[in-house]
Amino acid sequence: MAKDSRSKETQNKFDMARRNFLRGIGVGAAVSMAQPAWGGQTFGDAFDDFFQKHYKKMTADEMQETLLRIERKAKIRYDADISCSNTPPQENVVFGYAINISRCQGYRDCVQACVEENNLGRDSQVQYIRVLQMDQGDSNLEHSDHYYDPEEVPVAGKYYLPVQCMQCDDPPCVKACPVEATWMEPDGIVVVDYDWCIGCRYCMTACPYWARHFNWTEPEIPTDEINPDTHYLGNRPRPRGVVEKCHFCIQRTRKGRQPACMEACPTGARIFGNLLDPDSEIRYVLENKQVFRLKEDLGTEPKFWYFSD
Amino acid sequence: MSAHRSKTLVVAARRVHGIACVVCLSFSPLLAEESPTAADTVRFEGYPNAPTVNVVPRKDELFFYPCDQCHESMEPNPEIRELDTMHDSEIEHGRGRLWCLSCHDFENRNYLRTFLNELVDLDEAHVVCGGCHANRHKDWAYGVHGKRVADWQGDRTQYNCTHCHNAHSPAISPRAPKEPPPVRAGLKLERGKNHDAHSDNGTEQK
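Protein sequences appear in the order of chains A and B.
Take the first sequence: its position 302, counting from 1, is numbered 302 in the numbering used here, and each next residue is one higher.
Take the second sequence: its position 23, counting from 1, is numbered 332 in the numbering used here, and each next residue is one higher.
Keep in mind that the hints are not guaranteed to be accurate.
Claimed, not checked - To give an idea of the chain B side of the interface with chain A (calculated C-beta under 8 angstroms), a few residues: (1) Tyr-451; (2) Gly-463; (3) Lys-487.
No lab work stands behind these hints, which were simulated from the structure alone.
None of these values were measured; they are calculated from a predicted model.
We put the beta carbon where it would ideally sit given N, CA and C, even for glycine.
Hey, can you work out the whole structure from these sequences and the hints?
As structure tokens, then:
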């Protein structure tokens, strides 16, 4: 008898819980349909977001709508007016980069400029450039230290080796991606469609340069520090839980400007340019200096060289 | 206070100098020879087949320029000596083998002079630097040493040697780096400054 009543009570409890739960869903749905509760977006925007096509499959109109939606989302998330573009690659341009390691002093000005230019979260652990402090005469990357923090750089007996995405011409990360969310553009930049990335991080494992980064947290950026000049494949505000990487400042370089890291470098160690232009600085480096690439034996064909003079 | 005064001095001197030039040119050809114009100075045409480079001007940033505002009224003295007024005669360049007149013109202090006795405008200072540092100068002319301004594409504009290097003490002194990246979650720094802090208080480094 007592047992029965107890089970009945439990049953009632479950019924009530179930009823409240269902009521909660109903109310929630009603509220969210009526008000912009979809992460602050309208239901329409959230719907279009969910069914957004792959970058390469979008028509011009769909692309335009997507860019406007990204701008609206940035307004909600950061209260900032940004303009998101989709500047196409230039004809007969393939970008290449070279760093003069005898010039680099390890100031990390490039790192800071990169964080500010590319709307990287200020508290997150994502930084596209890693400046490695190495012992002179040693080229083993595993002996490097990128957390160095002395009073003054350069430290005697050390040299500095900045590492970022090498924009490989045969990129292993692209082969690893199961959903084709990353690919190489005609101008040689390996890009990520952040809305297509599923965050599986296979590409991070495939990359031999430790150049891809996963954002574990929603990037936190003060409104007045947002860089409003953005590109779909570049520095637009990214969602949490996708992989991102250096994209040679696609939003700048496709318009003829220097990447932010190069502009910020006070020593002039960074050389950037068009590999197809025989008069460019980068070609002069390749033809006249002793250059090397990192982990060249892996056959990934990085478009990123190091030299010293 | 003094900075403000000398700035007005510079402006005034320039104005006077400009008028003086016009007067000299129109009335006295002899005097005109003494104050050379831009046409008299050597201009860098570039290395064979090298791209054209525009150099960022720097004269406007110079505190004492034009030098004539003082030196016009002074008797030039070629004797190598310690300067006791205005200029610092410690020259940490050339390991004691250089002094003022190695680069600056003896008669007209507004200009520099090369070993080939060519007058050089201060905006073209790299020509003088290239007299000794030929390899660096060639690298600079091809855009591999030094810094290009703003764009990778289009016309090349580059900073002059003297924008980055103080010609009287060209070595770049060390400075503090920007802050290091945050340590990855779950990892601990085990060396250097952070290591000491870690072992002192026994707390986990973030």
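Hints, verified against the model:
{"no.": "1", "hint": "Tyr-451", "in the structure": "holds (5 angstroms)"}
{"no.": "2", "hint": "Gly-463", "in the structure": "holds (6 angstroms)"}
{"no.": "3", "hint": "Lys-487", "in the structure": "holds (4 angstroms)"}
Checked against the numbered hints above, the structure violates none of them.
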